[in-house]
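**Q** So the sequence lines, in the order shown, correspond to chains Z and S.
Heads up: the first sequence begins at 1 in the working numbering, then just goes up one per residue.
Heads up: the second sequence begins at 1001 in the working numbering, then just goes up one per residue.
None of these hints come from the bench; they were simulated from the model.
In this text the structure is predicted, and so the values were computed from the model without any measurement.
Among these hints, one or two may not hold up.
[Said to hold, decoys possible] Every beta carbon over 10 Å from chain S, so not counted as near; a handful from chain Z, in silico:
1) 32
2) 39
3) 40
4) 72
5) 161
6) 213
7) 219
8) 285
9) 287
[Unchecked claim] Computed spacing ranges between beta-carbons, pair by pair:
10) S:1088 - Z:136: 31 to 41 Å
11) Z:126 - S:1088: 39 to 49 Å
12) S:1072 - Z:76: 24 to 34 Å
13) Z:81 - S:1215: 30 to 40 Å
14) S:1063 - Z:43: 37 to 47 Å
We put the CB at the ideal spot given by N, CA and C, even for glycine.
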Amino acid sequence: MATRTTDAADTPRSRNSAARRGSVLLSRHPRLRLSLLLSAPLVWLGLVYIVALIALLITAFWTVDSFTGEISQDWTLDNIITVVTGALYQTVTVRTVGVAVLVTIIDIAIALPIAFYMAKVASPRMQRLLVVAVLLPLWASYLVKAYAWRSVLSQEGILQWLLEPFGLSTPGYGLSAVVITLAYLWLPYVILPIYAGLERVPDSLLEASADLGGKTWPTLRLVVLPIIWPAIIAGSIFAFALSLGDYITVNIVGGASQMLGNLVYTNVGTANNLPLAAAIALIPIVIIFGYLAVVRRTGALNNL
Amino acid sequence: MKLITPTRSVVALAGVALTSVVLAGCGTTQGGGGETAAPAEELGDFEGSVSLLNWPGYAEDGSNDPNVDWVTPFEEETGCEVTSKSYGTSDEAFNLMRTGGYDVVVASGDASLRLVAADLVAPVNTDLLENYDGIYDFLKMQSWNSVDGVAYGIPHGYGANLLMYNTEQVTPAPTSWDVVFDAAAPYSGKVTAYDSPIYIADAAVYLMTHQPELGIENPYALDEEQLAAAVELLKAQRQHIGEYWSDYLKEIQAFETGDTVVGTTWQVMANSLEGTAPVEVVLPDEGATGWSDTWMIASAAEHPNCAYAWLDYIASPEANAAATEYFGEAPSNQAACEFRSEGSCEAYHAGDEEYASQIWYWSTPIAECLDGRTDVECTDYGAWTTAWQEIKG
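Given the sequences, and given the hints that come with them, work out the whole structure.
**A** Spelled out as structure tokens, the structure:
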């Protein structure tokens, strides 16, 4: 009897403890459980990342007092109009997009055979080595690599030394140097998704194609390419978006040319005109959103 | 010559904030809206600490290089413990001063009057600074360190933006800026220029001599028409530019490899290129732009006595010599050269008044013409920035 009484007295107490009630509540309400789990990362993503970014972009509609450097919060479309109609911004936008497109094409052209070899030809051991080799440059600082290209491309650099016997010369600093350097910098970001996409192509499909008399090129074009197309698009998003926003490489090897990133940089750092800088920053954002909207249907976004 | 953090580049950006200012040599002054507070009458006890806001390399305490330390002797001497923060641009300095918490700031010509106008710095009673007497007269009470005859600080180092050229490829030796402007064609693709809107003033200095009909009196006071002429000159120059520079290490490398053979420079770069590239520098006949920095005291300084002690100390021959030599500029104290290494003062033309008079010290252009004209409105720094971006294209 005595033991029983104790039990009866204990059980309701422990059933009513806060922790227990909490876990009961959570186990009965899976949605609540999920929202608690996700709230921290969502607050981070939503408030700290996206809202902060939007808040920054809102300054595009404000103006700056040229004497005190203080931002006055009068709503105006002046900055947007300047950026959309100004010849300078149009020229630079065209140049920037041109560089980004070239870099993307070059990277995909180089990445395709490498990724194919890694995924379909190399032995498992070789495959691992190649993945490490592709990742290796990412361990070095961006700046170190860009400055390395600066010395490679200079008048007394190794490229000049290599090309001289053939009567050629280094492109020197300028847009071509920017394209070369950016293509080098973003290459791993293009190889990896394409490699991942090729890994997912079953060997049996290639064999089936061969059995049915498919030659190498038709097999690649009709069987492999459609399967890895989203992966290629995924790689292109990296190369394109990263090139679009770059300003450091342009500073280092770009000679006298400038890209959108440089205009943003000078307007923030030199001119202290945050509103105009924010307005310029909208250009690459609009372009990349446009690109994402176009490629959304390919399913490429699932491959990022 | 000791090489430094990439700092001059940063000072360079100095040419760059937005302000009220005036010009070297002409001596006119324009206050911003700043009310003149009374300077300190006498000094009290040291407060035990002082916080500095400075260009990198201006307050070394041995933590970057154990051999470079002029802060520790000050701390031992006065008992004022120094905390220092370095900034990258004049804009950054101005914003940091607005947030408060600093007792002392060192400002370049463009930021100084802006700080005065915003009431962020106080007048300095130079009678309380023993080392003020030792400062070169041509640096005292200039338009960028005084307002209405009231001193706002003590001068630090100064220097000119010179013309550097490769002696093997640029012949005959140039004596004019025309090698980077009208006569740049032979060196097309290998010309460099300073990457900042303030470089427009360099073009204006050139136009003062070569197109006198434009009537430019002061390279920082350009009306619409004069600015357009400078922009036109710079756009023509653009096709010959190999690259613009703002990071001085980048320019040193370009001269070493021969990617650049002629363009603007600072003496410090020529010094570090000695032995590695056949370069010479010259102050061309037209004159040049340059900089002169000032140590100032915050109007809300919590440790004014230690602040005065720092201003006095950094202008002393020993400290001034150490700081300006480390940074690579001419000292402001006449006796500093005794404490600098052999030849370093000569290299920077320290104390050469005639040389200094050819320098148009950086000032930020404002709408109210700095040369005193009242019949026209001048182009302000915002307009220069826009123009500069268009020039680069």
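**Q** Each hint should be assessed against the structure and marked as holding or not.
**A** Outcome of the hint check:
1. 32: holds (43 Å)
2. 39: holds (33 Å)
3. 40: Non-interface label on residue 40 of chain Z holds, nearest chain S Cβ at 31 Å vs cutoff 10 Å.
4. 72: holds (14 Å)
5. 161: Given a closest Cβ separation of 12 Å, the condition holds.
6. 213: holds (56 Å)
7. 219: holds (48 Å)
8. 285: Holds: least Cβ distance 20 Å, greater than 10 Å.
9. 287: holds (20 Å)
10. S:1088 - Z:136: 31 to 41 Å: holds (32 Å)
11. Z:126 - S:1088: 39 to 49 Å: holds (47 Å)
12. S:1072 - Z:76: 24 to 34 Å: violated (52 Å)
13. Z:81 - S:1215: 30 to 40 Å: holds (34 Å)
14. S:1063 - Z:43: 37 to 47 Å: About 38 Å separates the Cβ atoms of residue 1063 of chain S and residue 43 of chain Z, which means 37 to 47 Å holds.
Checked against the numbered hints above, the structure violates only hint 12.
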